[in-house]
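One-letter residues, chain by chain:
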Amino acid sequence: MTSVLYDAPGPKAKRRNLLFSVVFFVLLALLAWWIWQVMDDKGQLRWALWEPFTQSEAWTTYLLPGLGDTLKAAALAMIIALPLGAFFGISRMSDHRWVRMPAGAVVEFFRAIPVLLLMLFANEFYARYTDVSSADRPLYAVVTGLVLYNASVLAEIVRAGILALPKGQTEAAQAIGLRKGQTMTTILLPQAVTAMLPAIVSQLVVIVKDTALGGVMLGFTELLNARGTLAANYANVIPSFIVVAVIFIVLNFILTSFAGWLEARLRRSKRSTGAVLGAEDVDELNAAEIGTPGTGKGDIV
Amino acid sequence: MFDFLSDYDDPSLLGAFWVTVQLTFFSAVGSLIWGTLLAAMRVSPVPLMRGFGTSYVNIVRNIPLTVIIVFTSLGLADIFGMTMGAPDDFEAQGFRLAILGLVAYTAAFVCEALRSGINTVPVGQAEAARAIGLSFSQVLRLIVLPQAFRSVIGPLANVLIALTKNTTVAATIGVAEAALLMKEMIENEAQTLLIGAIFAFGFVVLTLPTGLFLGWLSKRLAVKR
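Protein sequence lines correspond, in order, to chains A and B. Be aware that the first sequence starts at 72, since it is given in our numbering, and climbs by one per residue. Be aware that the second sequence starts at 31, since it is given in our numbering, and climbs by one per residue.
Isolated chain B, as found in the complex (with noise of 0.2 Å):
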């Protein structure tokens, strides 16, 4: 009954979920770096940039993410020259690609989840802080983002389990991942509900531990307030 998997070795199915598992990975890192940027954008005194950081997630967050990622491959690469450090490398160059729109697009959900924790901490927190003569920094690093942090990690957790499950985008732009060979599979192969059962497992286990671990993990450190 499975024998048909045996066919598919470059990549085969743990190969393609690894690729998954690496977009999945590299794109929350850089994600997480550049949406902190931008709620701290977003959070800052300065007006302008609190513009900057407001009009960026408006913009990217009501684009698909299709568009953002087809672009990348036909317009930053085939237009603009942007290899990515990979000009004769295709499979490479599709892949960073992939994270760079992957990237750009979840960190607007990234900082809105921070942005959120940040709304939780009450006000007159911060405000019985500075009364004791507390300084800027030791405001926020001793009252203010401890308990942001804290409220943080069940958003964070969504937006983790969307991009694992948003990774299959970059498959518009060939990069050989799960949504991929399940292309290729199911075309070829007479097995059409035994593959969609395979892949469909195949992202439960990715997205559900994670899920839970995360769910209770958030609960745990929940500020009670």
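Okay, chain A solo, but in the shape it has when bound (with noise of 0.2 Å):
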């Protein structure tokens, strides 16, 4: 294998590479084994405190409503999101200056705040100025503060999206007469739409991780919340954070698996333009606005 730093090895370095392997391999395995140790000092590795998740009452209890309660967090917050991050993210995109900088403003606003300070605020809000009931309320205010964060992600992914199609699009839509409208709903949305997918799955990993702080701060019943109540119950305090740190790496890894298939499979589309969104523009997008858009294709038009 060549890669930029290193040559495909020879018989020297074949036996370097031998040399470091076992010496990693016999470090890892001494780390494998103090940890091990220390589960075992401290009774963490007694079955009683697995068992209970082997049984039924564990899961249908505690683990599975608490995952429901992060999925229908994340999906509200998606759907949500979607209309109005796409709303924001084309009005950025208008000729008109007191369209474009105003929606730019909201934008960049949402994005510089962490999505906590966005689920305080809501929560309090609910609380003073609606009669939403305190039951209700942590939920609200979950998704709230996650759409106003991912709303404001969501624009950006939609500018970019539109940005990485080609020129010749608008133009030929100009030539054949369409309006500004009629060339952003027919055909550059469209587009777009197909070439964010990838991306609008990634998001959705960055917000089911953002649903356990309303778990902790609000007291939203989900996953994170769940595995306070069970461990309270089961006194499994090690094995319920393993368990439920499990449970987000596989949703995670699935959400990320499922948008590079379609990452992958946009970039062999013939029918498409080749314009796609993925993983790593969402990584850029997600902090704040320092330079160009993730696809890198120039500033704001």
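I should point out that these hints are in silico values taken from the structure, not numbers from a laboratory. Glycine residues also receive a C-beta, built at the ideal position from the N, C-alpha and C atoms. Hints are supplied without guarantee of correctness; some may be wrong.
What the hints assert, rightly or not - Under the rule of at most 35 Å between Cα atoms (straight-line distance), these lysine-lysine pairs were calculated in the DSBU-like manner:
| id | chain 1 | residue 1 | chain 2 | residue 2 |
| --- | --- | --- | --- | --- |
| 1 | A | 238 | A | 251 |
| 2 | A | 85 | B | 249 |
| 3 | A | 83 | B | 249 |
| 4 | B | 249 | A | 251 |
Said to hold, decoys possible - So the derived list for chain A, only partly shown, Cβ under 8 Å to chain B, looks like this:
| id | residue |
| --- | --- |
| 5 | 99 |
| 6 | 101 |
| 7 | 102 |
| 8 | 162 |
| 9 | 165 |
| 10 | 252 |
| 11 | 256 |
| 12 | 283 |
| 13 | 284 |
As the list claims (entries may be wrong) - Between beta-carbon pairs, the in silico distance windows are:
| id | chain 1 | residue 1 | chain 2 | residue 2 | range |
| --- | --- | --- | --- | --- | --- |
| 14 | B | 34 | A | 74 | 21 to 27 Å |
| 15 | A | 206 | B | 45 | 32 to 38 Å |
| 16 | A | 74 | B | 59 | 36 to 42 Å |
| 17 | B | 221 | A | 127 | 25 to 31 Å |
| 18 | B | 235 | A | 237 | 22 to 28 Å |
| 19 | B | 227 | A | 96 | 35 to 41 Å |
| 20 | B | 36 | A | 118 | 55 to 61 Å |
Both chains come to you apart, so use the hints to assemble them.
This is the structure:
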């Protein structure tokens, strides 16, 4: 294997690599052994702590309802944030300064603020100014926080998706006499949505992870919160953390793989223009505005 | 209008944001070191190291930061007795545990940023360098790393800004940073909108200049290809 850093190994390099492999393996084994010892020392390997997870009660009473709430909040947030994000993303590309500037300001503002602040604010806002019942309030607050933040990220995804399309698409639309609105709705958006799909699925991973904040800070009964109740019942803090972490990993791994599969499929497809917005672009858009958006195709139009 | 602010002195508004800045700084340094090590593993010629690096990144990236941070407190500290050198000082303990969690999480993203930076250097650059007889360390020092560093500033700046926002998660284990103070204030005071605006403004001040400066820098230093 040739990479930018090293050539295909010769006999000497092969021997050295083998030595490194052995040393690293021993280090890893020592680490694993040490973790096992510490776990054993604190009695965390006792079967009694792990047994609940082999029985249906732990799942049906705690984990599955928790996972259900996590998915519910994530799905609601995504469904509400998508049209909002499309609205702000398209507004930001408007030819009119007085549409473009406020939309840009809103998007940049909500991307610069931690999602936890938005959740805390929404929670208090609902408590003081609305009659949302205190039982529903955590869900409302979590979804509101997630929507405000993710709509602004999705706005950037929409914008980057449209910018990623070849210029010829707009030019051809103009040449056959379509108006700006028609160009957007009949030519650009349908193609951009396809290009954005992998990015949107990747953003779901971010949303799923952020729901856990609401569990600790607002008492929303999602998976991490359900873990607390479960551990209080079975006194198995460490095993419950490991199981919940594994659930999150599997769930997000499925989403990431799906996004990767979509991305690869779109890149191969002959019917599209080849413009794709992938997972790496999403990482960038989740930070805040620095320079060009994901596709690197240039500045704000 | 701002009278209520003087009721809070432990921590004060500025004090809480100072804790946020400290969390960001120490976590940034830590995750830069650990992330560089991980990246070195991920691009190394030893398959086992590559495997370890890849698994670490894929596992940690898919766990919510909240789970990691809460685990450092309820798991590492409470069960395994990891007191981070401050067994009696719960404030210092929470602060250090939060940094540990933030470093473990952010390092995965630093690793990915560095790796993508190395990958932007065309293989031909290194091949040409080897062809004129440069040694491994010379190739790395003179050809690959100078180009990689320049293209890595943008992605690393993104990680830094995300980290600044992520420090608020430390509030979940009671570290007295900005988000925790906001929770306390907004629950006790009547000026909901004003408090929201103050803390939002604080984070805009922290993230915006960093983003603008590093964005400008990364554009300026970008390798033209």
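Status of each hint after checking the structure:
Straight-line distance between C-alpha atoms of residue 238 of chain A and residue 251 of chain A comes to about 14 Å, which keeps the hinted pair within the 35 Å bound. Between the alpha carbons of residue 85 of chain A and residue 249 of chain B the distance comes to roughly 40 Å, so the proposed pair goes past 35 Å and is violated. Proximity of residue 83 of chain A to residue 249 of chain B is assessed by CA-CA distance (about 41 Å); at most 35 Å being required, the pair is judged violated. The hinted pair formed by residue 249 of chain B and residue 251 of chain A meets the criterion: a straight-line CA distance of about 32 Å does not exceed 35 Å.
Interface hint at residue 99 of chain A: satisfied, since its Cβ lies 7 Å from the closest Cβ of chain B, which is below the 8 Å cut-off. Interface restraint check: residue 101 of chain A against chain B, minimum CB-CB distance 14 Å, threshold 8 Å, status violated. With a cut of 8 Å, the hint placing residue 102 of chain A at the interface with chain B is violated, because the nearest CB-to-CB distance is about 10 Å. Of the supplied interface hints, the one on residue 162 of chain A is violated, with its beta-carbon coming no nearer than about 21 Å to a beta-carbon of chain B, more than 8 Å.
Because the smallest distance between the Cβ of residue 165 of chain A and any Cβ of chain B comes to about 23 Å, over 8 Å, the interface hint for this residue is violated. A least Cβ separation of about 32 Å between residue 252 of chain A and chain B goes past the 8 Å threshold, and the interface hint is therefore violated. Look at residue 256 of chain A: its Cβ only gets to about 32 Å from chain B, farther than 8 Å, so that hint breaks. The interface hint given for residue 283 of chain A holds, since its Cβ lies 4 Å from the closest Cβ of chain B, which is under the 8 Å cut-off.
Checking residue 284 of chain A against chain B by beta carbon gives a least distance of about 5 Å; that is within 8 Å, so the hint holds. Distance hint check for residue 34 of chain B and residue 74 of chain A: the Cβ-Cβ separation is about 58 Å, which falls outside the suggested range of 21 to 27 Å. At about 35 Å, the beta-carbon gap between residue 206 of chain A and residue 45 of chain B stays in the expected band of 32 to 38 Å. Against the hinted window of 36 to 42 Å, the Cβ-Cβ separation of residue 74 of chain A and residue 59 of chain B comes to about 28 Å, which falls outside the hint.
Against the hinted window of 25 to 31 Å, the Cβ-Cβ separation of residue 221 of chain B and residue 127 of chain A comes to about 49 Å, which falls outside the hint. Residue 235 of chain B and residue 237 of chain A have their C-beta atoms about 39 Å apart, which leaves the hinted 22 to 28 Å range violated. Range check, residue 227 of chain B to residue 96 of chain A: about 55 Å between beta-carbon atoms, so the 35 to 41 Å window is missed. Residue 36 of chain B and residue 118 of chain A have their C-beta atoms about 56 Å apart, which keeps the hinted 55 to 61 Å range intact.
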